[in-house]
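Visitor: Protein sequence lines, in the order shown, are assigned to chains A and B. Going by this note's numbering, the first residue of the first sequence is number 1, and it counts up by one from there. Going by this note's numbering, the first residue of the second sequence is number 1001, and it counts up by one from there.
Please keep in mind that the hints were generated in silico from the structure rather than gathered at the bench. For each residue, glycine too, the CB sits at the ideal point set by N, CA and C. Don't take every hint at face value.
[What the hints assert, rightly or not] Derived lysine to aspartate or glutamate pairs resembling EDC-like cross-links, with alpha carbons at most 20 Å apart:
1) B:Lys1052 - A:Asp254
2) B:Lys1005 - A:Asp77
3) B:Lys1052 - A:Glu142
4) B:Lys1012 - A:Asp256
5) A:Lys67 - A:Asp117
6) A:Lys19 - A:Asp256
7) B:Lys1005 - A:Asp327
8) A:Lys354 - A:Asp93
9) B:Lys1011 - A:Asp416
10) A:Lys132 - A:Asp416
11) A:Lys380 - A:Asp401
12) B:Lys1008 - A:Asp192
13) A:Lys286 - A:Asp234
14) B:Lys1005 - A:Glu131
15) B:Lys1008 - A:Asp254
16) A:Lys354 - A:Asp256
17) B:Lys1012 - A:Asp254
18) B:Lys1011 - A:Asp256
19) A:Lys380 - A:Asp397
20) B:Lys1042 - A:Asp401
21) A:Lys19 - A:Asp411
22) A:Lys132 - A:Asp117
23) A:Lys185 - A:Asp242
24) B:Lys1005 - A:Asp385
25) B:Lys1011 - A:Asp254
[As the list claims (entries may be wrong)] A few chain B residues facing chain A, derived, Cβ under 8 Å:
26) Leu1031
27) Ala1039
28) Gln1040
29) Glu1054
This is what each chain is made of:
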Amino acid sequence: MRVSYLPGDTNGMPTGLDKLKHVVVLMMENRSFDHMLGALMAQDPRIDGLTGNESNLDTTGAPAPAKTQAAFQGQLDPDPDHSFVGVDLQIFDGNMAPDRVATMGGFVKSYFAERRDVRHSRQIMYAFKPEKLPVLTTLAREFALFNGWFASVPGPTLCNRAFAHYGTSFGHVDMNIFYPNTVFKSIYQRLDAANPRKTAKIYYFDTKSSTMEVVNLLQHQPQLFGTFDQFIADCAAGTLPDYSFIEPNYSDHDGDAGMILASDQHPDHDVREGERFIASVYQAIKNNAALWESTALLVTYDEHGGIYDHVAPPACIPDTFVAQPADTKTGKPFLFDRLGVRVPAILVSPWVPKATVVPGAGVAGGRVFEHASIPATVTKLFLGDYDDRSVREKHADTFLDLLTLDQMRADTPDFDLS
Amino acid sequence: MAVIKVPKTPKKAFDVHRRPSALLLGQIAHLEWAALPAAQRKPGQLPRRRVKTEGQAAERVAQLTTLVFAAQAAPREPGPAALVTLPPLPAVPAAPAASRGPARKASPSPARRVAGSRPSKKSHPSKATRSAKTKGARRR
């Protein structure tokens, strides 16, 4: 499906694809689209963000409006609920009827349960002013911003990250990643087994942060892993694999040179350190001219972390797996026939027209993406036809057609991290 | 194109004594699982012991990641795998001066400023509920 209002859209074959040799995905933690980027709608009405009229009711029945008062740290402690049952409350506001409609009205009630403090619970509606996030908002305004990129599962981190690696969570809606019986190969295993062989790596930050993709890859394919220092070195040396997946630092910890701050942006880690991490990934690619010309970088978030977004997650084709009521804790099974809450997603490449906004669900020409779009895109680019994949991945939209320019841009930004 | 200055994160954001998130606890549980030979893996048995702080969680993650990689690098012997005993939890690391008590008292977190004084842990009505709920979720 072609996007109707991309600047520079020629309806021809994307020129940038001819140059493309590398795909890099950076997956951050637990922030919703509206929370991070919703306020950008005031600058560009094509962005499906916050109008200023969005609100939830708090537990006293008073409206809690979405305000641009998000702080870098301190407002989201304790961690908002983002278990399957918690997200169900956030989306459906407690309505369990068979014909229920997603209202996105239960976020404040859900957060109230964490601390029983009405005033505090209203902060779940807060969004960042664009100037507080110079890196993410610059990338969003300079490259391609997706209005309709959703978490794959209305649930927590690990099942959503599984979709980015495998195109499915094998029926899991929780933090259980014990996948001893995976029936589909991860994208890394597919590339590694290809003929001719393709290269892939998961770069985790350091040994003290390690990876969230533990069982199958860390245990069976340690050669597929590297550290962030190695990523920086590989970028400089021009030895980046065909496909790279980057994990941020998941914890504050001590390193050889002193304090190392968590950069994942998971509440209640300081969002500014994540900004710096995103910029460092971008600059590592951009500082090597040959790499910059031949690389597409996707920056996205694994799930919304319990934080407000106004767009109801759309229905999707069911996966062949079913999560049982004991796992969903809603009293109902889940057929993986609805996506999770919307998250930020930005495609960065010098072949992407400036200020591209990819329309989302419910709009003419709109497109819906989810984390299964990642292995779907990488497979399409490097392997072509590949049948042994999940239903969800086979039906996931791919995104490299957004590299539409005939000439590489020379006006792309730089970040100063000194 | 203009160069965009990215502000540094203040050192006071650093807190190794923060409660570890469910994400870190889950990661540790799965690393502990991965560090054991297949014959020793029993669903539901982990995590055996809880780390108490984010700094301790990071040390445990490093400990286990090193163990898993070492096991992968070791030559495979025929026959049943030798029993593996997981190392004890690392000590809770001391916080650097920048994140120690007095500085934090002088500069309370935005959450505390916004929410005002919180009830003590003993009297907080949601603590017990949340703790029980979290324990149930983490046991799986």
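Visitor: Each hint needs a verdict: does it hold in this structure or not?
Guide: Consistency of the hints with the structure:
1. For the given pair, Lys1052 (chain B) sits about 16 Å from Asp254 (chain A) by alpha-carbon distance, which is consistent with the 20 Å threshold.
2. For the given pair, Lys1005 (chain B) sits about 29 Å from Asp77 (chain A) by alpha-carbon distance, which is inconsistent with the 20 Å threshold.
3. Restraint check for Lys1052 (chain B) and Glu142 (chain A): the C-alpha separation of about 42 Å exceeds 20 Å, so the hint is violated.
4. The straight-line distance between the Cα atoms of Lys1012 (chain B) and Asp256 (chain A) is roughly 19 Å, inside the 20 Å bound, and the hint therefore holds.
5. Taken as a hint, the Lys67 (chain A) and Asp117 (chain A) pair is honoured in the structure, with Cα atoms around 18 Å apart against an allowance of 20 Å.
6. For the hint pairing Lys19 (chain A) with Asp256 (chain A), the CA-to-CA distance comes to about 39 Å; that exceeds 20 Å, so the pair is violated.
7. Proximity of Lys1005 (chain B) to Asp327 (chain A) is assessed by CA-CA distance (about 46 Å); at most 20 Å being required, the pair is judged violated.
8. Distance restraint check for Lys354 (chain A) and Asp93 (chain A): the Cα-Cα separation of roughly 38 Å exceeds the 20 Å cut-off, and the hinted pair is therefore not satisfied.
9. The hinted pair formed by Lys1011 (chain B) and Asp416 (chain A) meets the criterion: a straight-line CA distance of about 19 Å does not exceed 20 Å.
10. For the proposed pair Lys132 (chain A) and Asp416 (chain A), the alpha carbon gap of about 16 Å is at most 20 Å, so the pair holds.
11. In summary, the hint linking Lys380 (chain A) to Asp401 (chain A) is supported, as the alpha carbons are separated by about 11 Å, within the 20 Å threshold.
12. Distance check on the hinted pair: Lys1008 (chain B) and Asp192 (chain A) sit about 38 Å apart at the alpha-carbon level, beyond 20 Å; violated.
13. Distance hint between Lys286 (chain A) and Asp234 (chain A) is fulfilled; the C-alpha atoms sit about 13 Å from each other, no more than 20 Å.
14. Restraint check: the Cα-Cα separation between Lys1005 (chain B) and Glu131 (chain A) comes to about 12 Å, which is no more than 20 Å; the hinted pair holds.
15. Of the supplied pair hints, the one linking Lys1008 (chain B) and Asp254 (chain A) holds, its CA atoms being roughly 18 Å apart against a limit of 20 Å.
16. This hinted pair does not check out: Lys354 (chain A) and Asp256 (chain A) have alpha carbons roughly 40 Å apart, beyond 20 Å.
17. Our distance criterion of 20 Å between C-alpha atoms is met by Lys1012 (chain B) and Asp254 (chain A), whose separation comes to about 14 Å.
18. Between Lys1011 (chain B) and Asp256 (chain A) the alpha-carbon distance is near 16 Å, which keeps this suggested pair within the 20 Å criterion.
19. A threshold of 20 Å between alpha carbons decides the hint, and for Lys380 (chain A) with Asp397 (chain A) the separation of about 11 Å falls inside it, so the pair holds.
20. Distance hint between Lys1042 (chain B) and Asp401 (chain A) is unfulfilled; the C-alpha atoms sit about 46 Å from each other, more than 20 Å.
21. Proposed proximity of Lys19 (chain A) and Asp411 (chain A) is supported: the alpha carbons are some 18 Å apart, at most 20 Å.
22. Restraint check: the Cα-Cα separation between Lys132 (chain A) and Asp117 (chain A) comes to about 26 Å, which exceeds 20 Å; the hinted pair is violated.
23. Of the supplied pair hints, the one linking Lys185 (chain A) and Asp242 (chain A) holds, its CA atoms being roughly 17 Å apart against a limit of 20 Å.
24. The suggested pairing of Lys1005 (chain B) with Asp385 (chain A) is violated, with an alpha-carbon distance near 43 Å, which exceeds 20 Å.
25. Proposed proximity of Lys1011 (chain B) and Asp254 (chain A) is supported: the alpha carbons are some 13 Å apart, at most 20 Å.
26. Below 8 Å, beta-carbon pairs count as interface contacts, and Leu1031 (chain B) has one with chain A at about 6 Å; its hint therefore holds.
27. For the restraint placing Ala1039 (chain B) at the interface with chain A, the shortest Cβ-Cβ distance is roughly 13 Å, beyond the 8 Å limit, so the hint is violated.
28. Annotation: interface hint on Gln1040 (chain B) violated; nearest CB of chain A at approximately 13 Å, more than 8 Å.
29. About 5 Å separates the beta-carbon of Glu1054 (chain B) from the nearest beta-carbon of chain A, less than 8 Å, and the hint is met.
Of the hints listed earlier, those the structure fails to meet are numbers 2, 3, 6, 7, 8, 12, 16, 20, 22, 24, 27 and 28, in rising order.
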